[in-house]
Amino acid sequence: MDNEKLSLPNYDIPEDMQDVVAITTLDRLYNWGRRSSVWPLMFGLACCAIEMIAAQTARYDMARFGMEVMRPTPRQADMMLVSGTVTKKMLPVIVRLYNQMPEPKYVVAMGACASGGGPFKEGYNVVAGIDKFLPVDIYIPGCPPTPQALIAGMIKLQEKIDKESIKKVRWYNKEKKDGNYVPMPILGPDLIDVRRNAEIRDISAKAAVLKESA
Amino acid sequence: MATAIEPQTVDLTARFPGKVTADSRPGYTGFLVNKENLVEVAAALHNEFGFDLLTSLTGVDYIAENKMEVVYNAYKTTGGAGLIFKVQVERVDPIEVPSLTHIWHGLEYQEREAWDLFGIKFTGHPDLRRILMWEGFEGYPLRKDWKEAFYEEEIKPYKSRWPEGKHILAEEKNVFHDNLNLPKGFDPEKYIVDKEEDLYASLERHTLKDEEGRMRTDHVVVNLGPHHPSTHGVLRVAVTLNGETVMGLKPVMGYLHRNHEKIGERNTYVQTIPYTDRLDYFNSMSNNFGYVTTVEKMMNIPVAERAEYIRVIMAELSRIQNHLIFVGMLINDLGSMYTPSLYAFEERELILDIFEAVSGSRMMCNYFRFGGVVRDVPDDMLQKIKDLVFDRLPAKVDEMERFLSENEILVGRLKGTHVLSAEDAINYSVTGPVLRASGVPYDLRRADPYSIYDRFDFDVAVRHNGDMMDNYLIRFDEIRQSLRILEQAVKQIPQGPINSQKPNYQVKVPAGEAYGRIEAPKGELGFYIVSNGKANPYRYHVRAPSFVNLTAVEKMCIGTKIQDFVALLAMLDIVMGELDR
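Here the protein sequences come in this chain order: A and B.
In case it helps, this note's numbering puts the first sequence at residues 1 to 214.
In case it helps, this note's numbering puts the second sequence at residues 1001 to 1581.
In case anyone wonders, no lab produced these hints; they're calculated from the structure.
This list has only true hints and no planted wrong ones.
When the alpha-carbon atoms are kept at most 20 Å apart in a straight line, the in silico EDC-like pairs for lysine to aspartate or glutamate are as follows:
(1) 1184(B) to 199(A)
(2) 1190(B) to 199(A)
(3) 121(A) to 1154(B)
(4) 121(A) to 1171(B)
(5) 206(A) to 1187(B)
(6) 1173(B) to 202(A)
(7) 1491(B) to 1376(B)
(8) 121(A) to 1172(B)
(9) 132(A) to 1171(B)
(10) 1173(B) to 199(A)
(11) 206(A) to 1138(B)
(12) 121(A) to 1153(B)
(13) 1086(B) to 1036(B)
(14) 1190(B) to 202(A)
(15) 206(A) to 1171(B)
(16) 1190(B) to 1135(B)
(17) 206(A) to 1172(B)
(18) 1184(B) to 202(A)
(19) 206(A) to 1189(B)
(20) 132(A) to 1172(B)
(21) 121(A) to 1152(B)
Given the structure is predicted, the values throughout are model-derived calculations rather than measurements.
Between the sequences and the hints, there should be enough to build the whole structure, so can you do that?
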């Protein structure tokens, strides 16, 4: 029987089997499994990490959503919760952790700093938002977001997972091999995004305006 | 209220004629020491005058006078006012100042920080590398002529944002369209990345040579962090191990260096208050406290009576929740995952409820203002505080101690490990509970009282062994003393206004300098501020207890087991927001 027919909600189940057989789509079954056990990477950056811990404790209890199993190693994690200010010095580490996570993987930017630099955006050592390097699935506003806001963000992620289809997801797509690999930025005189190497060289060659341009 | 100008207890000019002059700039105190005589004067201060605790060192870039200044704040552990002395050098590279680490070891990281951010070279420093930024970073960010990539104007509020408020993305103004500032003609493909050889070379000093010519065992270099479940954030520690024994250890920090001081020098005075929340993000109330006390000292304004009580209540509640979390996290790191911290977080939530009710935010309270606080504490909240202080918290603290303190594993792991002697603790500028656990009864609430702490009856918690067990137990002692202060404060709190000043976005701070300090839950939290009479501080420096306390970690760890190091980090109670700033 093909997938199409399985999906039909009004498929007739013989009466004597109705209490032992349920019919659903493969997508829905797969997504149900994924969304109910999103294991976050145990990874705190700054203030937001404390609210992330608070969300795990008794009053808020994120375990209700299958997200309590924090894994310190990226190899066992499904979701990276970027909880705090991303600094230039830390960024290569974050990118490396992201690259080490197995697919399927999700990134949640928690708080103002991870979403766009927040109050520290103007700082010389601050990356204005993790989305300059990693593909972010969910942004959670707040400084820091309350645990309720964090949980609301996680539920949004679950809703996003619910809409996925095995046919289309990137990690089963043969053409897009390593499509999600992010090249490591390097720490030179400043943080250098190696994807922009040529552009950076061109600008800095002609820019006598550099210091004045500021 | 703290007096505006601390009396000079020592007359250095008489002792060192010609070598030391009194700092006569208006608003400044202390002494200017000649660079050539710095070591001699410092040694005399330490050995003769008894200034055994050098808490803070920082640089100031007086670009108009073409001078670079290093400011030292020395105190006595017997209490009393401190002494500020300064060295001025010509602002021409290389800027060199003799290192004082051999007199006060606690200066090691602070001198490295001044080197990193100001480019002041401390000659004779044992390990002068950059500390917050990485090796190879271009420029010294806190110099006044160094501009960040998103630089817009010297001072806030920026003309582009106020009063018209036309929003422009910072990225659009930069030539690279990014937070990027590169030298001319830079080619990323030809750049050789620093492999941190200096860091690993600095570890070599401690490696053992093989004994008796027998088989040599290699030492293993291990990097803990910056992503590690037990480093309390993004601290990285490079260690060399001989088996399980730590032979050499170097913390690497700056992974959360978010430029607090540079941003603070662009901000107006009021704008910096919410930034201080994010220093030690467990105790935003204490951070506010330290900052506003310092600025009030410069402005020389009184604090409303009711606000003084509210401040003390909030700061002590903050201390209680900090120490509860400390206990939970310490035991977490010892291997008892979650259960004790769940107990700790339960109480913390109740305290955060109070913070949220008075300030509007759970963690980042932004509650203090110059002259008082921003909102009053409603009566029902005061009742809630009373319930907590008189009923719930004492019982819960007793319960936690009953459950945990006699646990065999806990005692086995903590008793007798990582002993820090009183002499070492002072010499490494360690402050706070860690210092008091070593037997030094030095608590700023008593030694150098600020706010209204002199009105309350409480004891300075002190323990005498200096091992981890005492460090753990002293936290419970401190919680009990905080509860004692709170019991008195909630009874005595008067009615009245909550701010002695009118609400003001642009406070007037007269020119001058001030170093203000409070007893934060983690140690001495100091703010050094230089004002030139404008709307923004000319120099704004935070003396973070976590940062300075970490200086002692190398001394405490060599020769011990690596697994105890994780517990030690928990015990020092570091928090990265404050450590890296």
